[in-house]
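Quick note, the sequences are listed as chains A and B, same order. Count along the first sequence from 1, add 5, and you get the number used in my numbering. Count along the second sequence from 1, add 516, and you get the number used in my numbering.
By construction, these hints were calculated from the structure, which means they are not laboratory data. Because the structure is a prediction, the values reported are computed rather than measured. The beta-carbon is built from N, C-alpha and C at its ideal position, and this holds for glycine as well. Worth double-checking, as some hints may not be accurate.
[What the hints assert, rightly or not] Simulated restraints, written as ranges between beta carbons of each label pair: (1) R786(B) <-> L32(A): 23 to 33 Å; (2) E217(A) <-> S612(B): 31 to 41 Å; (3) A188(A) <-> L772(B): 51 to 61 Å; (4) V674(B) <-> T151(A): 30 to 40 Å; (5) T693(B) <-> E217(A): 19 to 29 Å; (6) R99(A) <-> E730(B): 29 to 39 Å; (7) G115(A) <-> N623(B): 44 to 54 Å; (8) G606(B) <-> A94(A): 37 to 47 Å.
This is what each chain is made of:
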Amino acid sequence: MTRAAAAQRRRLVALGACLAVAVGTPLAWSATRPPAAVGEGLAAGLAAGLAAPAAAPPATPLGTSGPQAEGQEPARTLPRLSARPADPASVAARVPAVDPPVEVSVPALGVSAPVDAMGVDADGAMGLPDDVRRTSWYRHGAVPGTGGGTSVIAGHVASAAGRGVLGDLPDLDRGDEVVVRTAAGELLRYRVTTREAVVKEALPVADLFAREGPERLVLVTCGGPYLRELGAHRDNVVVVAEPA
Amino acid sequence: MTTTTTTTALGLVAAGALVALSAAPATAAGSGTATVSVLHAVPGTPVDVYANGEILLDDFEPGTLTDPQQLPAGDYDLAVYPADTESIEGVDPVVSADGVSVPAGANITVAAHLTESGDPTLTPYVNDVSAVPAGEGRLTVRHTAAAPAVDVLADGAVVVSDLSNPDGASLETAAGTVSAAVNLAGTGTTVIGPTDLTVAEGASTIVYAWGSAEADDLDLAVQTISGLGSDPAGVPSGLADGSTGLPVSLGVLSVLAAGGAVAVAVTMVRRRES
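Chain A on its own, in the form it takes in the complex (with noise of 0.2 Å):
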């Protein structure tokens, strides 16, 4: 009876720490998952420091502008012109050459991947490379390292072939480094303000996609449940990082 009770008890232990380990398991690994935002919201994060948007000039007031003509000319009402040849080579030659990232690095989830310039895809989303290992910059947006508006980069979380180089930004915190080489070699050194999964019909993209305002650099990849019936993940997540 005695020996019978006792095996019984360590029957009782043994069921104990099977079922400590079979729950403890994934309980224990869904508790050291990095939180699912950090800083203090992406509309936070995109808007911080956002200029009031600069105010159309205002137009000259009647009969205060210009200076009072020596003599008897009256005072103007009206601003003088001033023009510039109109002929398409001088036209192009004031096109601001643009200097674009070619390379992106994270070094905190060890990552580094070549930035393809890239415009819309046919239904007028954001192109991405095919290959998850490149990513993306928006070409038409915001040039990084121009002090102004928010440049996008985004790369594939994941594929057939495997993990996207960017699958990783839900790990990235607040202060993590994000370096963007340009084609002329300069380093852009951002540090991460704000880190969030949003409904992708919900993406701001305005904010998102602002060529005017702070320098923003934002790093865009898919996260949450992979909704197979779509075949898309039901999140964006997006990472926004402000100048070092």
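Assemble the complex: chain A is given as a structure, and chain B must be docked to it using the hints.
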């Protein structure tokens, strides 16, 4: 009777107000502002441009365009004189246009150019500044040359056909560089180009064919109005399931432990029964 009188009086007041309005300076008639650019597309002659009797542009060279300028909305009397005209008093302008309407909020380009028959004229064009889809630009062509109707070609294909002075036509196309040429309408006779033209994304690129076919000085002038872009619809950055679930090794461990727990429990139940 009283009613009628009142009505008449109100009518008189209204009429008075109308008179007052029309007597007010032309530039004060509108409340907002408009964006105005001026293009000089008459070959050969630098000019001075006056608006409401006031000089707006001094020594304005052919083939040049002003930067867009905010001007009070209203009606303008425009007149063009030979450059360095000391006083416009009693001098006949080269060309003039009275009561050119510049409505609030509008974006207007006033072009001084030649008619098809070669006389100087002023044409106020209203520019389409509505948004263009992401990745695209608006290309507008305007015939401001002393030349017959033309076809406009982009990369060898006719994109606008039979365009006559002073008409214009617009299309939206993928941003990029196109090789542009102007042919006499319905012929293979190229009178301008081909010239590389950039259709800027999120912008309106307006191309003026100007000059004179007879004088063999036809050319292109380009105006760009930016800030008309749209944002991409989204970022489709998932080609396949990349969701980060429980790593396989930990999952296996958990399942094995659960199996172990079941085995132990079964043993315990059996022992109790026996």
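Tested hints:
1. The supplied range of 23 to 33 Å is met by R786(B) and L32(A), whose beta-carbon atoms lie about 30 Å from each other.
2. Hint check: E217(A) to S612(B), Cβ distance near 40 Å, so the stated range 31 to 41 Å holds.
3. Checked against the given bound of 51 to 61 Å, the beta carbons of A188(A) and L772(B), roughly 53 Å apart, stay inside it.
4. For V674(B) and T151(A), the Cβ-Cβ distance of about 38 Å falls inside the hinted range of 30 to 40 Å, so the restraint holds.
5. For T693(B) and E217(A), the Cβ-Cβ distance of about 25 Å falls inside the hinted range of 19 to 29 Å, so the restraint holds.
6. Taken as a hint, the range 29 to 39 Å holds for the pair R99(A) and E730(B), whose Cβ atoms sit roughly 31 Å apart.
7. Taken as a hint, the range 44 to 54 Å holds for the pair G115(A) and N623(B), whose Cβ atoms sit roughly 51 Å apart.
8. For G606(B) and A94(A), the Cβ-Cβ distance of about 41 Å falls inside the hinted range of 37 to 47 Å, so the restraint holds.
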